[in-house]
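Peer 1: Each chain is listed here by its residues.
There are 2 protein chains.
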Amino acid sequence: MIKNMSENQIVLQLIKYMKDGKKQSFQGILDELHPYDIARIYENMPEKHHTRFLLFSHPEQIADLVQELDKPMQLELLLKLGIEKSGQVLDLMDNDDLAQLLDGLSSERIEELLSGMKQEESEIVQNMMNYPPETAGRLMTNRFVWIPQHYTVRETVDKLKSFAGFSETINYLYVIDHDKKLVGVVSYRDIILADEHEKIQDIMYSRVISVEAHTDQEEVAQLIERYDFLAIPVVTEEQVLVGIVTVDDIIDVVISEATEDIEKLSASGKSIDFDTSAFVAAYRRLPWLILLLFIGLVSGSIISSFEDTLSMVVALTFFMPLIAGMTGNIGTQSLAVVVRGLITREIDRGVIIRLVFRELKVGLMIGITCGILIFLIAYIWRGDPILGIVVGSSLIMTLIIGTLAGTIIPIILYRFNVDPAVASGPLITTLNDILSLLIYFSIATMFLSKLL
Amino acid sequence: MIKNMSENQIVLQLIKYMKDGKKQSFQGILDELHPYDIARIYENMPEKHHTRFLLFSHPEQIADLVQELDKPMQLELLLKLGIEKSGQVLDLMDNDDLAQLLDGLSSERIEELLSGMKQEESEIVQNMMNYPPETAGRLMTNRFVWIPQHYTVRETVDKLKSFAGFSETINYLYVIDHDKKLVGVVSYRDIILADEHEKIQDIMYSRVISVEAHTDQEEVAQLIERYDFLAIPVVTEEQVLVGIVTVDDIIDVVISEATEDIEKLSASGKSIDFDTSAFVAAYRRLPWLILLLFIGLVSGSIISSFEDTLSMVVALTFFMPLIAGMTGNIGTQSLAVVVRGLITREIDRGVIIRLVFRELKVGLMIGITCGILIFLIAYIWRGDPILGIVVGSSLIMTLIIGTLAGTIIPIILYRFNVDPAVASGPLITTLNDILSLLIYFSIATMFLSKLL
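First to last, the sequence lines map onto chains A and B. Numbering-wise, our numbering comes out as the position in the first sequence, counting from 1, plus 193. Numbering-wise, our numbering comes out as the position in the second sequence, counting from 1, plus 193.
No false leads were slipped in.
Below are the DSSO-like pairs computed for lysine-lysine, each with C-alpha atoms no more than 30 Å apart in a straight line: (1) A/Lys354 to B/Lys392; (2) B/Lys241 to B/Lys215; (3) A/Lys216 to B/Lys392; (4) B/Lys352 to A/Lys352; (5) A/Lys264 to A/Lys311; (6) A/Lys278 to A/Lys212; (7) B/Lys354 to B/Lys392; (8) A/Lys278 to A/Lys311; (9) B/Lys352 to A/Lys392; (10) A/Lys264 to A/Lys278; (11) B/Lys392 to B/Lys373; (12) B/Lys354 to A/Lys392; (13) B/Lys392 to A/Lys352; (14) A/Lys354 to B/Lys352; (15) A/Lys215 to A/Lys273; (16) A/Lys209 to A/Lys278; (17) A/Lys352 to B/Lys354; (18) B/Lys264 to A/Lys554; (19) A/Lys273 to A/Lys311; (20) A/Lys216 to A/Lys311; (21) B/Lys278 to B/Lys209; (22) B/Lys354 to A/Lys354; (23) B/Lys311 to B/Lys374; (24) A/Lys311 to A/Lys352; (25) A/Lys264 to B/Lys554; (26) B/Lys216 to A/Lys392; (27) B/Lys373 to B/Lys354; (28) A/Lys352 to A/Lys374; (29) A/Lys278 to A/Lys216; (30) A/Lys273 to A/Lys241.
Since the hints were made in silico from the structure, they are not lab data. Keep in mind the model is a prediction, meaning the values are calculated, not measured.
Next comes chain A alone, as it looks inside the complex (with noise of 0.2 Å):
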């Protein structure tokens, strides 16, 4: 009924039904939207009307619209459905989504919020939060379907009935063994394909590809992209069978680790979007500015300690921001091949060295090549032979340091654990002018009384 009306026309109807009283209609709607829809028609609706849309919704409705808000709308809206209706909704609600809502709330407001649910249902809830953030465990949903090895594929059916509608939508089941532990797989394609007397034991995939419920969110992401799965089941040590990671989430895991990496390569602190307000995007940027505001200050000290060099020869100012430029951009190049290789596959000493090595001679490479070109370009622009040399010799060395730099400290923090926003595009590139100035102001006072 709905199929050929704008987003503006749905709106203005279901405003209309709402005026009119007509729950049915009003449902109807509803029932032939996608939830990231509905939501949308919910943050689009103007707000006095939103206590009416969520007395019209039956729970259901509203979990799937809930899923889709962002985080302080779906508190604003949990508390527009009082303790007993948004216990409803909180139960029906895919329990990863609901750990990632519960996640950085008081404990209080938690358990506010849980004591409205049914007690198994925020149990299951309570037992995801105890695993670390960004774990299979946080991701992984209680929503999907285990058959015992033993049944048929008739009994499978039936049992697929029962569920229905309580089940994430994905391909496959997870079939168990009496200790539940996970000892096979098998797809919806596969229970069509099949005779309906079949023992599922027979049909079932048994060489399946788990996570343990500890494994970073990361690594659950390669796998599933590697094997392209559209889900990938969770165990616990004991291979016991407790939940699965589908590939939206995954979706989602690989978009903000690549935010991650760019955030690292441009310190530009934690999620900044185009919403974000002046002042907290100010806020949140300042710290890293101010550090480097004071690192800056080492190269000044550096340059005021060669002053008696540079006021002897102004025109060795002339390349400064040439060489502190060149050695800062090639770093930064090293850093985003080393950032974006560290998540993409395993990294272990042999990788490290070959890499590590590998810089080292393009360091050389494009070293070489620069400093023969600007010894030239120096060379002419001022006539004097020694100061090409000088400058020549001196982007060489930066350029081979810059590159290890940007290689070698991401690699060591990547080491010992540190926060990798720590090895970011600014920190390479102020640390890099620091040593370009040291190397380039040290060659040129021993050159100095050549200089003269």
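Fit chain B to the known structure of chain A by using the hints.
Peer 2: Using the frame of chain A, we list chain B on its own:
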């Protein structure tokens, strides 16, 4: 049987079966493995066994294997197979993977490869290659099952059984009318739960979300992410169903888009990873660095034009790296926010104006904070309030201009569809270097009489 065997043990076992000529047992093992694992085994096996490996595998197994290899290895494998068997394998490959394989090959090579294929299969691939790169048409597969809307559930199951093994294991069946237009979608689960006499058009979901074949892959990824879809149907302008894009391809899109963003920020050049050779990596990174070297010379000539000011007040040099560096850093921060924002939401005039205005305010707040700080430091360090004022007011101005440059330049490039790699971090940093030096020395020259 191989359930508890390590990868090495499996390799040895396979080699043994090959030596003993036990084709059946060999294939039995392959059948228990995921394509990704078969590919790893093939790669890690000494090359002398490869020909025999392919001889022992049947075309379906090779088709699964080949999709998980990288391009050079794929081409080598097809060469080993010979025209006839490689044609069989190509027929069995998913056409999106095949299109990816052909992408970038010479037209003679493409013709040669396609020559061994069935007419209809090679036509499908050639049609796909006609869509522009990075669109839905290039990503889609035709291995899906469509159902006429007048079918009953029973007829549907029969059709499914006869197409078993052909379709990708995705949860949905797409429903078309007599003009082959997409009219609905139904899941395997719906089929299992429905009565076998029901008509598909009565149980299908008719508000289908689809994409047009020319839709950009980023937009497809956004839709799939937003709606948590496992697949999305692809239609022509006339709504005729031509393929589906599956979530596993979308994960690859999300990863490659993120990598592109990082290349933008670091100008590290396309596709350098841990395995790239030093020479190739240097060759890819050099063009940018040489360009930046010449831009850096502009900084040099700016400084040289202020030679008189500098030689009179050498202390001005001390703050040069700090001012240039801070301006570069704030620009990179803004750039990161913009680059990430441009891919995750639609951009209109209003969004841009709000964003630029926000960044102006951020620049003001950060500029004033850092400016006051550096005024105090310069004053205390050098005991000269005028130097403090010069440095402080310069920093305020350069930080504001730096953040605006980091915001506006990428937006302009994006608007004019310039290759976004141009808006790279180092470029913004280098431009900000030049701007900051101009401002700093202009202000210093204005105050020159008071500084002496």
